[in-house]
Amino acid sequence: MSARTRTLWSGARAAVPFVVGGFIFGVLFGAVARDSGLDLAQTFAMSALLNGGTAQMIAVGLFLAQAPVLVVVAICAAVNLRHVFYSAALSAHVRRLSLPWRLALGFLLIDQVFAMAMKRYEEDDRDDGDQHVFVLGVALSMYFGWLVATVLGWFAGAFVDRLHALGFDFVITAIYIGLVMSALTSRRSVLAGVVGGVLALALAWMPYQLGMFAAILFVLLAFAIWEGRIRRRAALDST
Amino acid sequence: MGAVTFALRFAFFSTISTDVLPQDVEKSLPYILPAALMAIIVPGVVLAGAAETPLRFLTPYLIGAIAGFAVGVFFPKRFWTIVLVAMTAFLIASVIL
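Protein chains in written order, with this note's numbering: chain A, 11 to 249; chain B, 1409 to 1505.
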C-alpha cells in the first residue's frame, strides 16, 4: 500500500463515527423520500447529486407540496449558503491543488468534512503535505455512507422511526462538541463560538436554516470590523 | 439543486481567491469554524425534543452536551474522551428521564 493510499484510508477511518451518525439521517431521508412518492432512482439521484441531508429533506417536502422548481432551488441554496464560508476558510489550503482535486473536494464539502479538514490542516500545516488526500478519504467515506444509508432507508421504511427514537442522532452532536473544543484555542475563538451559537438559537425561528447562515455571517463581519480596528490602532501606535 | 449547491461549495476553490475579500474579512475566516459548529450544536441541543414536550427544558440532548462541554473545558484536546462522555451522559439521561 502506498503512502497516499494509507493516508486516504486513515481519512476514511477517521470519518467512521460521523458516517455512523449521518447514517441514521440518511436512512431517515430514504424513508421520507419513499413516503413522499419518490422512486428508488430519484431518491438515489438526489443523494448522489446534492449530497446534503437537510437540503434534501426540505426539497422532498417542497416537491410534495408541488412548489415551483425555482422556489425549490432557491430554498436549497439558502439552506446551503453557509458552505460558501467553508469554501472561503479552506481556500488558502486547497489553492495549490489541481482542478480535478478542487472540484472533487468542493463537491464533497459538507459540514463534517469541513470540520475534519480544518482540524487536519491545523494539526499538519505543511505547504506541500498530503492533507487533501486525508480530507478526500473523510469525504468519500461520508459520501458512500450517505448513499448506502439512503438506499437502505428507502427499503427499510417503517423501521426507521424506532432508530430515530433511540436518539442515535446525538452521535453527530457529540462529535461536533469534540471538534469545537479543539477549535476554541483563544479567547476570541471562544467568543466567536458563543456568539455564533447563541445567535443561531435566537434566530432558529427563521426558515430553511437561514438563522444559522445569519449567525455565521454576523460573526465573520463583526470580527472583521474588530480585527480591522485593532490593526489600525496598532498601525497608528507604531507611527 | 445539485448545481447550485456545488457552486456554493466550490466558490472559493475556483479561480476566485479569498484575496477578493477585504483583508479584515480574510483575517476573520478562522473564526468560521467555532462559529459554524456552535451554530449547529446550540439550536440542535436546546430545541431537540421541544416539539414533543415544549415545556421540558432538561432533555437528554442538553445533558449530554453539557457533560461533553464540561469535560472539554478541562481536556480540550481529548477528542474521544469528550465524545464518549457526552454519549454516555446522553444515554444515561435517556434512561432516567
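Source of the hints: derived by calculation from the structure; they are not laboratory data. Glycine is no exception: its CB is placed at the ideal position from the N, C-alpha and C atoms. Treat the hints with care, since some could be wrong.
Example chain A residues on the side facing chain B (calculated, C-beta under 10 angstroms, incomplete) [stated by the list, open to error]:
(1) S20
(2) L74
(3) Q76
(4) V94
(5) F124
(6) V143
(7) A232
(8) L246
Checked hints:
For the restraint placing S20/A at the interface with chain B, the shortest Cβ-Cβ distance is roughly 15 angstroms, beyond the 10 angstroms limit, so the hint is violated. About 15 angstroms separates the beta-carbon of L74/A from the nearest beta-carbon of chain B, more than 10 angstroms, and the hint is not met. Interface hint at Q76/A: violated, since its Cβ lies 16 angstroms from the closest Cβ of chain B, which is beyond the 10 angstroms cut-off. The restraint placing V94/A at the interface with chain B holds, with a minimum CB-CB distance near 5 angstroms, inside the 10 angstroms limit.
Interface hint status for F124/A: upheld, as the beta-carbon distance to the closest one in chain B is roughly 7 angstroms, under 10 angstroms. Evaluation of the V143/A hint against chain B yields a violated restraint, the C-beta minimum of about 16 angstroms exceeding 10 angstroms. Checking A232/A against chain B: minimum C-beta separation of about 8 angstroms stays under 10 angstroms; hint holds. Annotation: L246/A was flagged as interfacial toward chain B, and the flag is violated, the nearest CB pair being 16 angstroms apart, outside 10 angstroms.
The earlier numbered hints that this structure contradicts are 1, 2, 3, 6, 8.
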